[in-house]
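Chemist: The lines below spell out each chain.
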Amino acid sequence: MATYTQINMGSGPGAGDGETARGAYTITNDNFTLLETLLINAQTGTVYEAVLADQNGIITMDNALANTVTIPANASVAFPVGTQLFFMQLGVGQTTITITSDTLNGPIAAPFTIREQYVPVTAVKLAATEWAITGNLTGA
Amino acid sequence: MAIYEQIDVGTTANDNTGDGFRASFIKINNNFALLETIGINAQTGLTYEADLNDARIIITMDNAAANTVTIPANASVPFPVGTEIHFMQIGAGQTSIAITSDTLNFPASLSTDLVGQYYAATALKIATTEWVLFGGLA
Numbered sequence: 001m002a003t004y005t006q007i008n009m010g011s012g013p014g015a016g017d018g019e020t021a022r023g024a025y026t027i028t029n030d031n032f033t034l035l036e037t038l039l040i041n042a043q044t045g046t047v048y049e050a051v052l053a054d055q056n057g058i059i060t061m062d063n064a065l066a067n068t069v070t071i072p073a074n075a076s077v078a079f080p081v082g083t084q085l086f087f088m089q090l091g092v093g094q095t096t097i098t099i100t101s102d103t104l105n106g107p108i109a110a111p112f113t114i115r116e117q118y119v120p121v122t123a124v125k126l127a128a129t130e131w132a133i134t135g136n137l138t139g140a
Numbered sequence: 001m002a003i004y005e006q007i008d009v010g011t012t013a014n015d016n017t018g019d020g021f022r023a024s025f026i027k028i029n030n031n032f033a034l035l036e037t038i039g040i041n042a043q044t045g046l047t048y049e050a051d052l053n054d055a056r057i058i059i060t061m062d063n064a065a066a067n068t069v070t071i072p073a074n075a076s077v078p079f080p081v082g083t084e085i086h087f088m089q090i091g092a093g094q095t096s097i098a099i100t101s102d103t104l105n106f107p108a109s110l111s112t113d114l115v116g117q118y119y120a121a122t123a124l125k126i127a128t129t130e131w132v133l134f135g136g137l138a
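Protein chains in written order, with our numbering: chain R, 1 to 140; chain S, 1 to 138.
If you are wondering where the hints come from, they were derived from the structure by calculation, not from laboratory data. C-beta atoms are modelled at their ideal positions from N, C-alpha and C, and glycine is treated no differently. A few of these clues could be false.
Unchecked claim - Here are the simulated SDA-like pairs of lysine to any residue, each with C-alpha atoms no more than 20 Å apart in a straight line:
#1 S:Lys27 x R:Asn74
#2 S:Lys27 x R:Ala24
#3 S:Lys27 x S:Leu46
#4 S:Lys27 x R:Thr70
#5 S:Lys27 x S:Glu49
#6 S:Lys27 x R:Ala128
#7 S:Lys27 x S:Gln6
To be verified - To give a feel for the contact side, a few chain R residues facing chain S, derived at Cβ under 8 Å:
#8 Glu36
#9 Leu38
#10 Val81
#11 Tyr118
Unchecked claim - A few chain R residues that don't get close to chain S, going by computed Cβ distances all over 10 Å:
#12 Gly14
#13 Ala21
#14 Thr26
#15 Ala42
#16 Thr44
#17 Pro72
#18 Thr113
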């Protein structure tokens, strides 16, 4: 997943209940390794709902039929403000990005459909219940 | 090679074979310094083949004549899946992106040529022998 592991600092200095130095360095190494690549969540169905683990990763949709990725409501999946979700249409079926309950703004009127195969778009969470989507989109 | 320096944590806890505190934090500092900028690989020739050092950086091509950047086959340069390589045409010569052996996908309405000077595109490795190219493509 494209989020990073936090080092357990323990309950206080000298408490002895936090991460060991070696453990902390291992976590640090793993976090830097995560930074080297973009996490790819390869979906092959016609519907997918984003989850926290998709944060700052790319969701690829590979299906011959039209397909949909849904950004869940903040009330159910509380992505931090500033989260970026990347989407790419890998199959011939056009991919549309939708949202549950909250607001998804874009440069065109919804539906926010990716223009063609192999094109990525990006959604950025601007506020608790507001996202903006940018990229090569086509409407209805 | 990894982009970021890895701290040597030794083989087991307290075996004294890993990096000390100072060496460890120097590596962490170095890694955060790398995060502050995008690396630039400034090429001026007509051809260039990407290597592992080009992961997550931008390869600029500055030549008056048409030029080509080639993504090598996974068999020879195994970029990790999820690697991004960025390309920018700096010179007047049109830059094309090519690949050896493996698959380079791109939107059907476009080509693997950059639109023109100062346009950029990105190749994302989505599987062991498969990349997708997108961005400012002609």
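Chemist: It remains to establish, for every hint, whether it holds in the given structure.
Modeler: Against the structure, the hints come out as follows:
1. Proximity of Lys27 of chain S to Asn74 of chain R is assessed by CA-CA distance (about 37 Å); at most 20 Å being required, the pair is judged violated.
2. Of the pairs offered as hints, the one joining Lys27 of chain S and Ala24 of chain R holds, with about 14 Å between alpha carbons and a cut-off of 20 Å not exceeded.
3. The suggested pairing of Lys27 of chain S with Leu46 of chain S is violated, with an alpha-carbon distance near 36 Å, which exceeds 20 Å.
4. For the suggested pair Lys27 of chain S and Thr70 of chain R, the alpha carbons sit about 40 Å apart, so the restraint of at most 20 Å is broken.
5. The straight-line distance between the Cα atoms of Lys27 of chain S and Glu49 of chain S is roughly 29 Å, outside the 20 Å bound, and the hint therefore fails.
6. At most 20 Å may separate the alpha-carbon atoms for a hinted pair to count; Lys27 of chain S and Ala128 of chain R exceed this at roughly 36 Å.
7. For the given pair, Lys27 of chain S sits about 7 Å from Gln6 of chain S by alpha-carbon distance, which is consistent with the 20 Å threshold.
8. Hint on Glu36 of chain R holds. Least Cβ distance to chain S is approximately 5 Å, under the 8 Å limit.
9. Satisfaction of the interface hint for Leu38 of chain R is found here, the shortest Cβ-Cβ separation to chain S being roughly 5 Å, below the 8 Å cut-off.
10. Of the supplied interface hints, the one on Val81 of chain R is violated, with its beta-carbon coming no nearer than about 21 Å to a beta-carbon of chain S, more than 8 Å.
11. The criterion of a C-beta within 8 Å of any C-beta in chain S is met by Tyr118 of chain R, whose closest approach is roughly 5 Å, and the hint holds.
12. Every C-beta of chain S lies more than 10 Å from that of Gly14 of chain R, the closest at about 17 Å, which supports listing it as non-interface.
13. The beta carbon of Ala21 of chain R sits about 8 Å from the closest Cβ of chain S, which is not more than 10 Å, so the claim that it is off the interface is violated.
14. In this structure Thr26 of chain R is not separated from chain S by more than 10 Å, as the shortest Cβ-Cβ distance comes to only about 5 Å.
15. The Cβ of Ala42 of chain R sits about 7 Å from the closest Cβ of chain S, inside the 10 Å cut-off, so the non-interface label is violated.
16. With a least beta-carbon separation of about 13 Å from chain S, Thr44 of chain R lies farther than 10 Å from that chain, consistent with its non-interface assignment.
17. No beta-carbon of chain S is positioned within 10 Å of the beta-carbon of Pro72 of chain R; the least distance is around 24 Å.
18. Every C-beta of chain S lies more than 10 Å from that of Thr113 of chain R, the closest at about 14 Å, which supports listing it as non-interface.
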